[in-house]
Amino acid sequence: MAPIFDIRNITKEFANHKALDDVSFVVPENSIFGLLGPNGAGKTTLIRLINQITGPDSGELLFHSRPLVRKDIENIGYLPEERGLYKKMKVGEQALYLARLKGLSKFDAQTKLKFWFDKFDISPWWNKKVEELSKGMQQKIQFIVTVLHEPELLIFDEPFSGFDPINVNLLKDEILQLRNNGATIIFSTHNMASVEELCDHIALIDNSRKILDGKVKDIRDNYKDNVYEVAYRNLKVDIKGLLNGDCSIINSGQKDDNQLVSIRVKDKSGPNELISRLLPHMEIHSINEILPTMNDIFISSVEENKNRTV
Amino acid sequence: MNKIGLIITREYLTRVKKRSFIIMTIIGPILMAAIFIVPVYIAQIEGEMKVIGVIDETGLFVNKFTSGDQISFINVDEPLEEAKTDMDKNGFYAILHIPRSDLNVPESAIIYSSGQPNIIVKGVIKNTMRKEVELLKLNASGLDPNVLKSIRTSINLLTIKINKEGYEEKTSTELSMAVGMISGFLIYIFIFMYGAQVMRGVIEEKTSRIIEVIISSVKPFQLMMGKIVGVAMVGLTQFILWIIATLILVSTFMAIFSDDISIQEMSQMKMQSNGIMQEDVLNHDGEPDGINQSAMAIFESIQSINFGLVLGSFLFFFIGGYLLYGALFAAIGSAVDGETDTQQFMIPITVPLILSIALAQFIIQDPDGPVAFWLSIFPLTSPVIMMVRIPFGVPYLDLILAIAMLILGFLGTTWLAAKIYRTGILMYGKKINYQELWKWIRYK
Chain A
1 MAPIFDIRNI
11 TKEFANHKAL
21 DDVSFVVPEN
31 SIFGLLGPNG
41 AGKTTLIRLI
51 NQITGPDSGE
61 LLFHSRPLVR
71 KDIENIGYLP
81 EERGLYKKMK
91 VGEQALYLAR
101 LKGLSKFDAQ
111 TKLKFWFDKF
121 DISPWWNKKV
131 EELSKGMQQK
141 IQFIVTVLHE
151 PELLIFDEPF
161 SGFDPINVNL
171 LKDEILQLRN
181 NGATIIFSTH
191 NMASVEELCD
201 HIALIDNSRK
211 ILDGKVKDIR
221 DNYKDNVYEV
231 AYRNLKVDIK
241 GLLNGDCSII
251 NSGQKDDNQL
261 VSIRVKDKSG
271 PNELISRLLP
281 HMEIHSINEI
291 LPTMNDIFIS
301 SVEENKNRTV
Chain B
1 MNKIGLIITR
11 EYLTRVKKRS
21 FIIMTIIGPI
31 LMAAIFIVPV
41 YIAQIEGEMK
51 VIGVIDETGL
61 FVNKFTSGDQ
71 ISFINVDEPL
81 EEAKTDMDKN
91 GFYAILHIPR
101 SDLNVPESAI
111 IYSSGQPNII
121 VKGVIKNTMR
131 KEVELLKLNA
141 SGLDPNVLKS
151 IRTSINLLTI
161 KINKEGYEEK
171 TSTELSMAVG
181 MISGFLIYIF
191 IFMYGAQVMR
201 GVIEEKTSRI
211 IEVIISSVKP
221 FQLMMGKIVG
231 VAMVGLTQFI
241 LWIIATLILV
251 STFMAIFSDD
261 ISIQEMSQMK
271 MQSNGIMQED
281 VLNHDGEPDG
291 INQSAMAIFE
301 SIQSINFGLV
311 LGSFLFFFIG
321 GYLLYGALFA
331 AIGSAVDGET
341 DTQQFMIPIT
351 VPLILSIALA
361 QFIIQDPDGP
371 VAFWLSIFPL
381 TSPVIMMVRI
391 PFGVPYLDLI
401 LAIAMLILGF
411 LGTTWLAAKI
421 YRTGILMYGK
431 KINYQELWKW
441 IRYK
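Those sequence lines, one after another, are chains A and B. Just so you know, the first sequence maps onto residues 1 to 310 in the numbering used here. Just so you know, the second sequence maps onto residues 1 to 444 in the numbering used here.
No wet-lab data here; the hints were simulated from the structure. Please note: incorrect hints may appear among the correct ones.
[Unchecked claim] With a cut-off of at most 20 Å between alpha-carbon atoms, the simulated EDC-like pairs for lysine to aspartate or glutamate come out as follows:
| no. | chain 1 | residue 1 | chain 2 | residue 2 |
| --- | --- | --- | --- | --- |
| 1 | B | K219 | A | D57 |
| 2 | B | K431 | A | E82 |
| 3 | A | K255 | A | E229 |
| 4 | B | K439 | A | E82 |
| 5 | B | K3 | A | E150 |
| 6 | B | K219 | A | E82 |
[Unchecked claim] Partial selection, computed: residues in chain A whose CB lies under 8 Å from chain B:
| no. | residue |
| --- | --- |
| 7 | I53 |
| 8 | I73 |
| 9 | Y78 |
| 10 | P80 |
| 11 | G84 |
| 12 | K87 |
| 13 | M89 |
| 14 | Y97 |
| 15 | F120 |
For every residue, glycine included, the Cβ atom is placed at its ideal position computed from N, Cα and C.
Let the hints inform the model, and build the full structure from the sequences given.
Here it is, written out as structure tokens:
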């Protein structure tokens with residue numbers, strides 16, 4: 001798919017420290033793109049560059065294959081990690097103001113706000129002051145304001161912080177819905193489980209450099225270790241004796257009525273060899289390939305990068 | 001509507017709708033009207049007759065004290081001690097005792113009263129006695145009082161300014177001083193009050209964390225300017241409402257009381273409230289002509305001040321000065337995490353402002369001197385100092401220079417402030433010092 005956003009050799013320096021060092025990647029259109037990295041890696045700087053809050057020292061930002069222009073911010077919705085609202089202002093008034101700052105006409109803003117307020121069942125809040133609302137309620141308003149102008153590109157920085165599990169699910173559904181309706185979402189978070197659940201692509205930034213990017217599926221395949229988990233019935237079998245020297249047992253245990261064992265196959269021969277060795281001696285109930293979690297990949301990549309730079 | 005317009009509208013409406021704005025708008029004119037009305041009103045109610053018993057042991061002043069609207073004199077034949085005890089019973093405000101003297105003419109007297117006798121009573125007594133004694137002395141020396149009267153001269157120093165075209169106009173230094181000080185002071189107050197509002201607004205956006213949401217829609221500079229302009233409009237609205245309401249209050253008051261107060265009395269009242277009416281005025285032989293003359297002179301010199309110029313430059317320096325400082329206040333707001341941290345950065349802003357209002361009284365004494373000139377050109381002091389100078393008449397070259405410098409200064413501070421602002425608003429939890437600010441200014 002064509003990239004909606006193309007980041008090319010971006011470098012950004014503050015006083016004495018490089019926030020971004022020659023970072024390049026593409027964000028495919030109509031995908032959910034995870035922007036990952038430890039604290040202080042340069043994610044927020046990158047997001048601020050995309051939002052034109054600051055400009056790069058060198059490199060290019062291409063939106064739909066052409067250089068980013070000021071007008072494009074009306075096609076971007078941004079939910080910052082540090083977010084808030086005017087506390088003394090009424091909810092409706094404030095939502096209208098923020099929507100109009102994004103370029104919506106007063107009438108359009110009103111119509112769309114009415115739709116979203118009805119959808120989230122929060123119409124009675126319209127004339128309340130923001131300070132009267134709970135944190136979770138404020139986050140809902142903030143989400144509405146971010147997506148209201150129906151931007152092509154949405155950037156969510158830690159969107160789930162401050163939400164309870166019910167509202168997290170509501171929000172996830174909304175994000176998936178937005179993607180299905182054609183939007184592209186850049187999603188920055190430390191919550192790796194939600195990355196696995198939602199993201200199609202990721203880029204991992206550490207210490208101001210991009211160290212990993214691509215499709216989530218491809219990355220997990222790349223990092224896979226040829227580990228298979230075999231579930232079998234309780235039989236007295238010496239599994240070690242059945243395996244040849246290319247295989248090793250990593251883990252074993254029990255779940256319900258089944259014995260579990262995790263075996264790493266050394267060559268890339270796949271599971272068939274393993275099955276044929278085990279099958280004559282036991283009752284196999286399932287065999288699954290264990291893919292590394294994004295959490296593991298994140299940690300090992302960052303560790304690896306640290307060793308490389310040291 | 002474009003975005004900066006939206007920002008200005010929001011900044012304006014949220015402030016104008018605040019309860020504190022409405023309360024200030026109502027209280028302000030009442031206070032200002034009180035300044036005009038109270039002295040007049042007090043003068044009205046103080047019209048109670050004060051009766052003074054006179055014990056004249058010399059016999060020289062019998063019937064010389066003339067009773068007026070507010071003070072009347074009654075000769076008392078009792079001995080002093082009895083008169084003192086009977087003071088309340090007889091309804092006397094005070095007892096004037098003129099003791100017999102060894103000299104030919106008495107030169108002292110004593111007032112006994114229950115409270116501190118007021119200055120007008122004292123003035124009238126002293127004045128009457130002085131005139132009487134002078135007359136006695138004149139007679140004793142054989143001089144004709146009329147000769148002396150013709151010799152006595154009152155110097156009326158009329159100041160006339162001649163401009164390059166040779167056109168002459170009468171001026172009044174006192175009036176120029178008043179106009180200059182008042183307008184300078186108004187600018188000073190306006191800059192402080194509304195500059196601080198800009199600063200607080202920026203801090204509010206920063207601490208409520210809405211700032212990043214907004215600057216992903218508009219440029220930081222637009223937000224900063226929108227806020228400065230919006231707050232300026234709030235200030236102008238308030239001032240205009242105050243002036244209108246004050247005028248209405250004062251003119252209503254005048255309409256109600258105009259039957260009782262003649263114009264001459266009014267001008268007297270005004271002079272009293274201005275503190276001009278000291279003993280000197282009372283000593284001025286009480287001739288009514290004197291007051292009329294000075295009133296005429298004031299009217300003439302009022303016409304001499306070029307009010308079009310004063311008003312025009314007032315508006316310019318009022319707005320220009322505010323914009324210049326407003327940008328700096330915004331920069332301070334952006335650099336700190338809360339209002340308590342603002343102190344260290346406030347000093348460089350408040351010093352020139354306070355200095356200019358403190359120096360204004362010296363500038364007034366020498367409005368064309370070198371100090372006055374330089375301070376009225378320097379953009380940080382010019383809004384106040386130039387306004388102080390203008391009523392005295394300022395060379396057009398100076399004025400144009402000051403205006404140009406203020407515009408340049410405004411552009412300069414705004415440029416500087418914008419650089420600090422766009423970095424500062426996104427900076428949290430960092431202790432900011434001047435070195436840090438300098439770093440921000442140098443960012444590309």
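Verification of the supplied hints:
1. B:K219 to A:D57: holds, 18 Å
2. B:K431 to A:E82: Roughly 19 Å separates the two Cα atoms, so the pair holds.
3. A:K255 to A:E229: holds, 12 Å
4. B:K439 to A:E82: violated, 24 Å
5. B:K3 to A:E150: Roughly 19 Å between the alpha carbons, so the hint for K3 of chain B and E150 of chain A holds.
6. B:K219 to A:E82: Roughly 18 Å separates the two Cα atoms, so the pair holds.
7. I53: This interface hint holds because 5 Å falls under the 8 Å limit.
8. I73: Interface hint status for I73 of chain A: holds (6 Å vs cutoff 8 Å).
9. Y78: holds, 4 Å
10. P80: holds, 4 Å
11. G84: Since chain B brings a Cβ to about 3 Å from G84 of chain A, closer than 8 Å, the hint holds.
12. K87: holds, 6 Å
13. M89: holds, 6 Å
14. Y97: For Y97 of chain A, the interface hint holds, since the closest Cβ of chain B sits about 6 Å away, which is under 8 Å.
15. F120: Since chain B brings no Cβ nearer than about 18 Å to F120 of chain A, farther than 8 Å, the hint is violated.
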